[in-house]
Amino acid sequence: MNIIILPKVSEGQNCIHLNTYTLSVYLFLVLILILLIACGAYYLGLTAQSTTQRQYLDQIKISAKDWQTTLGRQQSMLVEGLNGLAKRVGHLQAEMDRVNVLGQRLITHAGLEKGEFNFRNPPAIGGPALSQSGSVVPKVNSFLATIGRLEQTVFDRQQQLSLLEVVLAERNRQQTTLPEGRPLRRGWLSSKYGYRTDPFSGLVAFHHGVDFAAKAGTKILATAAGIVTWSGGRAGYGNMVEIDHGNGYVTRYAHNQKNLVRVGDNVAKGRPIALVGSTGRSTGPHVHLEILHNGRTIDPLLLFAGAEKKG
Numbered sequence: 001m002n003i004i005i006l007p008k009v010s011e012g013q014n015c016i017h018l019n020t021y022t023l024s025v026y027l028f029l030v031l032i033l034i035l036l037i038a039c040g041a042y043y044l045g046l047t048a049q050s051t052t053q054r055q056y057l058d059q060i061k062i063s064a065k066d067w068q069t070t071l072g073r074q075q076s077m078l079v080e081g082l083n084g085l086a087k088r089v090g091h092l093q094a095e096m097d098r099v100n101v102l103g104q105r106l107i108t109h110a111g112l113e114k115g116e117f118n119f120r121n122p123p124a125i126g127g128p129a130l131s132q133s134g135s136v137v138p139k140v141n142s143f144l145a146t147i148g149r150l151e152q153t154v155f156d157r158q159q160q161l162s163l164l165e166v167v168l169a170e171r172n173r174q175q176t177t178l179p180e181g182r183p184l185r186r187g188w189l190s191s192k193y194g195y196r197t198d199p200f201s202g203l204v205a206f207h208h209g210v211d212f213a214a215k216a217g218t219k220i221l222a223t224a225a226g227i228v229t230w231s232g233g234r235a236g237y238g239n240m241v242e243i244d245h246g247n248g249y250v251t252r253y254a255h256n257q258k259n260l261v262r263v264g265d266n267v268a269k270g271r272p273i274a275l276v277g278s279t280g281r282s283t284g285p286h287v288h289l290e291i292l293h294n295g296r297t298i299d300p301l302l303l304f305a306g307a308e309k310k311g
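Counting from 1, position 162 in the sequence shown corresponds to residue 162 in the UniProt record's numbering; the numbering is continuous, with no gaps.
Each hint should be verified, as a subset may be incorrect.
Taking lysine to any residue pairs in the SDA-like style, the calculated list, with each CA pair at most 20 Å apart, reads [stated by the list, open to error]: (1) 269 <-> 246; (2) 258 <-> 184; (3) 215 <-> 278; (4) 192 <-> 208; (5) 87 <-> 149; (6) 192 <-> 204.
Derived CB-CB ranges, DEER-like [claimed, not checked]: (7) 294 <-> 198: 25 to 31 Å; (8) 155 <-> 82: 20 to 26 Å; (9) 33 <-> 69: 50 to 56 Å.
Keep in mind the hints are simulated off the structure, nothing from the lab. Every value quoted in this text rests on a predicted model; they were computed, and no experiment measured them. Built from N, CA and C at the ideal position, the CB exists for glycine as well.
Can you make the complete structure from the sequences, with help from the hints?
This is the structure in structure tokens:
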């Protein structure tokens, strides 16, 4: 094979003579060079790709570790939240138990019918049992549902207690404002309610109260709570104290040596209101007690009997 090299025009031609073997060797070397270049480029490409993949995998590992840390923190927060919910459930249960015991004691002490108030039945709570590996969300929902039921039960018990308080307060008010019991701690019944011989005229006359004889200066006690509507002298009664107890009941304490209360005073049952004396139409130291209901006198001994039965 002849290879002709054409230089510039001014120069002559150069001619290289290559035989078939030499040309084959050159071609083989060229192919080897091309192959080496291709392999090098491929290797460089693989190396770059491997580096990129390795960096990507490292980023994935870092992200996974961050997610794992975040999930661990979230799980710890959820566990703390569940513990807080469990404590709240326990506190509500304990509070409800105390309310139930208190309510039952009040009902028993007040002698109310058992059907009127219910503090015995436990609250209706429940739910499926969850394993430790179960989802946290159902556990939280279960806790929240239990707390809701307990709060509703506690609210219901508190409502019953409020109503029971009103009932007991009204009963206590009726008991404390009902004139009953003796107006003296020491003394004796000297004259009953009804017809008797008048000690001054000697004629039969109606006695509108009862008399308790006692030593002069003995404290006279209010037989019920109420408001003082009279404190001073009145014809025939001498020094007298009158108390309005509500519900139509009024009491009068007469012939006092000295009154200890004034009009408008709010007196409690058993409070000293006067001292035994003999003022007015009286034959000696005693207290004349009258009880009026809706403007008419009644026999105080009837109420005394009820008070003694309660005692």
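Hints, verified against the model:
no.	hint	result
1	269 <-> 246	holds, 13 Å
2	258 <-> 184	holds, 15 Å
3	215 <-> 278	holds, 10 Å
4	192 <-> 208	holds, 9 Å
5	87 <-> 149	holds, 15 Å
6	192 <-> 204	holds, 13 Å
7	294 <-> 198: 25 to 31 Å	holds, 27 Å
8	155 <-> 82: 20 to 26 Å	holds, 24 Å
9	33 <-> 69: 50 to 56 Å	holds, 54 Å
Every hint, counting from the list given before, is met by this structure.
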